[in-house]
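Asker: The chain contents come next:
2 protein chains.
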Amino acid sequence: MASLIHSKIKTKLNMSRRIRRTPYTKRVEECGVTDFTVVNHMLLPKGFQKSVEDDYWHLNEYVQLWDVSCQRQVQISGPDASLLVQKMTPRSLKNMETGKCFYIPMIDENAGMINDPVLLKLDDDMFWISIADSDILLWAKGIAVGLNLNVNIKEPDVYPLAVQGPKAEDLMASIFGEDIRKLKFFNFKVFDFLGTKQIIARSGYSNQDGFEIYFKCFEEYFDKNEMGEKIWDIIWKAGKEFNIAPGCPNLIDRIEAGLLSYGNDFTKDNNPLECNLEKYFKNESEHDYIGKKALKKIKINGVQQRLKGIMFEGNNCPPCSIPFPVYSKNKKIIGKVTSGIYSPKLKKNIGLSMILNEFCETGTEVIVHTPDSKLREGIVSSLPFKK
Amino acid sequence: MASLIHSKIKTKLNMSRRIRRTPYTKRVEECGVTDFTVVNHMLLPKGFQKSVEDDYWHLNEYVQLWDVSCQRQVQISGPDASLLVQKMTPRSLKNMETGKCFYIPMIDENAGMINDPVLLKLDDDMFWISIADSDILLWAKGIAVGLNLNVNIKEPDVYPLAVQGPKAEDLMASIFGEDIRKLKFFNFKVFDFLGTKQIIARSGYSNQDGFEIYFKCFEEYFDKNEMGEKIWDIIWKAGKEFNIAPGCPNLIDRIEAGLLSYGNDFTKDNNPLECNLEKYFKNESEHDYIGKKALKKIKINGVQQRLKGIMFEGNNCPPCSIPFPVYSKNKKIIGKVTSGIYSPKLKKNIGLSMILNEFCETGTEVIVHTPDSKLREGIVSSLPFKK
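Top to bottom, those sequences are chains A and B. Just so we're aligned: 344 in the working numbering is position 208 of the first sequence, and the numbers increase by one with no gaps anywhere. Just so we're aligned: 337 in the working numbering is position 201 of the second sequence, and the numbers increase by one with no gaps anywhere.
Check the hints yourself; a few may be wrong.
If several chains are the same, the list does not tell them apart, and a pair holds so long as it fits within one copy or across any two.
Said to hold, decoys possible - Below, a list of computed lysine to aspartate or glutamate pairs in the DMTMM-like style, where the Cα atoms sit at most 20 Å apart:
1. Lys148 - Glu166
2. Lys435 - Asp328
3. Lys429 - Asp261
4. Lys468 - Glu513
5. Lys148 - Glu189
6. Lys146 - Asp171
7. Lys236 - Glu165
8. Lys484 - Glu513
9. Lys415 - Glu365
10. Lys148 - Asp171
11. Lys415 - Asp260
12. Lys404 - Glu291
13. Lys146 - Glu165
14. Lys404 - Asp293
15. Lys162 - Asp508
16. Lys290 - Glu245
17. Lys360 - Asp405
18. Lys468 - Asp315
19. Lys484 - Asp424
20. Lys352 - Asp405
21. Lys148 - Glu165
22. Lys325 - Asp259
23. Lys523 - Asp369
The hints are simulated quantities; they were obtained by calculation from the structure and are not laboratory data.
Start from the sequences and build out the full structure, keeping to the hints where you can.
Answerer: In structure tokens:
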């Protein structure tokens, strides 16, 4: 019962300078944000007045503007930049061209996951690592200091804005020109905006089409907040005809798509094989990187568990702030749902869970124990979820 | 006006596994927590039903129990442990004995502050770094990997609980025995608790007497939450006769004491001289550490600004979630208040601010611009504030 009670408590977020605001926070507040979370010591909106389900349908049909400034950039430049970046991931960057975005699993010396960022190659000696929630700035600096590398590492004044949804292309074309329609998924290009050069990628943390504007503040010209509000307002105004709404990563959309969340679905206690990320490092033996020995050992010995989808009965799902235990039919604990919600498309509750190997096969029957004290029947599913 | 509006908005914190709960979170919720913040990817209570002022008077008179689990430990052990720890701070650790706690400013290669933790020496080759809000685990690991050091670095299952206030000694003696009264400030000892060995230090993030229990979960014996709730309940029960209350770092008490908060009052853009931390590294030229060259240069060239106290008029102070600009009498911007509140003891608003050198002298008249659009007269003060 206690766990049921806590899940209903809505506790306020105490604001301070340490929980950094963004150039868009004022606009987000004016749009009626109701919930925030904290990522990389920065505010990430997590809800507006709409329900998560209404927000989901809107995202599926129209276009949304998301303040994802918390995707902080770790900028690595200089003669040893490519050497350092390659050291930080088992994914080979040998054939990476300028203008590409690469999803790069990042591991420590024990092959534990420490982040799963998107890498942008701005030039042969200039990279941005667009990070999930851990201080990769300190990790990169520590390695560089230890190896005495000739690099410059900093967090630039870049505040990503995401434009997500099926109408995203039309909206972006109306602002940045028709050329943006040709931009391919996980590619970026430089576009002009009010006399500044801005990097825009076709990407985003949703199951929909979309773009991410890596909005850079050129403080020599403009005040950061003024400039941020200007870009927000221009997109907002142009978005009216496409029925734009304020938004944020949508939990239904994310789980359906099988998009993982660092800290939620996997942590530093997990390795990339458990997270099904092998496809990103097929040629990992050809280059040197941190954790190589440990990862090789794991590859040889195999893993005990893997991240899977779980579909489970019910037309609602309590908030998953504490993981839900997952049992086999013979009552053995085999995993825990770390992200879960009701999918109105699949008309079932869905969740993500590490599941012990022997129960990993799609269709395996399981039982999910939700904090409303219900034991719900479910099955293991592949990812992304399919209707 | 817009900035006034936002400061009144109370936004909810969206809960997920990534914002980690502690072994005491259930108890904290049962005590009626109203506000949380997030430190080191973990919940830190920031308010109960009492006002900050009522909480302050209680802390000044009785004893409080604080869940400060977010003070995560970075455990560094092995043959190169002392070498690595010394590399991470300009403070000399040459004469540090086992059983001591040292406040250690931590800087990067540019002498920018990256944390200001408390170091505990558990043995010649075993340290805990009790951190403020940044991933020092990754920093330490990065350096160790780069330098190929023979160390083991991990985040142990340790969840600090603070017992703070003038009645703390009596309460702790009633549980852990009379010997605890002899424990000196910033010393720790091992005490028995239900068959386990627990480290207790005389320390805490308040202006009062107090202790921090570095509660370690021995999972081979007990469930983490069960054990955490047990120690909470034992202290709570014994605390009744001392009028115990749930608490958290109190903003009035902290600012009066001049206790800095990393991320609020200083960031990686500040160096330790700006933070008045020179006293911790008088013999810094004798050992090797990261940022030594940069720090030496800063020492020679001097700094442009220093952290100071500001007393300013008014019997209330709006929440300081966005820093308040500080002006000189001739309207030059000279700093910003990064933490501020009304002090009922001093009967004035008080705050912490970096202030340009030429205006640093105690007694210098300034003007503070609060988000209620008021221009308030004030003076520069030394720290801690004195009545």
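Asker: Hints first: check each against the structure and report whether it holds.
Answerer: Okay, the hints, checked on the actual structure:
| no. | hint | in the structure |
| --- | --- | --- |
| 1 | Lys148 - Glu166 | both (18 Å within a copy, 16 Å between copies) |
| 2 | Lys435 - Asp328 | neither (46 Å within a copy, 43 Å between copies) |
| 3 | Lys429 - Asp261 | neither (27 Å within a copy, 26 Å between copies) |
| 4 | Lys468 - Glu513 | within (14 Å within a copy, 67 Å between copies) |
| 5 | Lys148 - Glu189 | between (23 Å within a copy, 19 Å between copies) |
| 6 | Lys146 - Asp171 | both (9 Å within a copy, 9 Å between copies) |
| 7 | Lys236 - Glu165 | neither (33 Å within a copy, 46 Å between copies) |
| 8 | Lys484 - Glu513 | within (11 Å within a copy, 61 Å between copies) |
| 9 | Lys415 - Glu365 | neither (40 Å within a copy, 43 Å between copies) |
| 10 | Lys148 - Asp171 | both (9 Å within a copy, 5 Å between copies) |
| 11 | Lys415 - Asp260 | neither (24 Å within a copy, 44 Å between copies) |
| 12 | Lys404 - Glu291 | between (23 Å within a copy, 10 Å between copies) |
| 13 | Lys146 - Glu165 | both (18 Å within a copy, 11 Å between copies) |
| 14 | Lys404 - Asp293 | between (28 Å within a copy, 14 Å between copies) |
| 15 | Lys162 - Asp508 | between (37 Å within a copy, 16 Å between copies) |
| 16 | Lys290 - Glu245 | between (23 Å within a copy, 11 Å between copies) |
| 17 | Lys360 - Asp405 | between (38 Å within a copy, 17 Å between copies) |
| 18 | Lys468 - Asp315 | neither (55 Å within a copy, 46 Å between copies) |
| 19 | Lys484 - Asp424 | neither (44 Å within a copy, 60 Å between copies) |
| 20 | Lys352 - Asp405 | between (34 Å within a copy, 19 Å between copies) |
| 21 | Lys148 - Glu165 | both (15 Å within a copy, 12 Å between copies) |
| 22 | Lys325 - Asp259 | within (12 Å within a copy, 54 Å between copies) |
| 23 | Lys523 - Asp369 | neither (37 Å within a copy, 48 Å between copies) |
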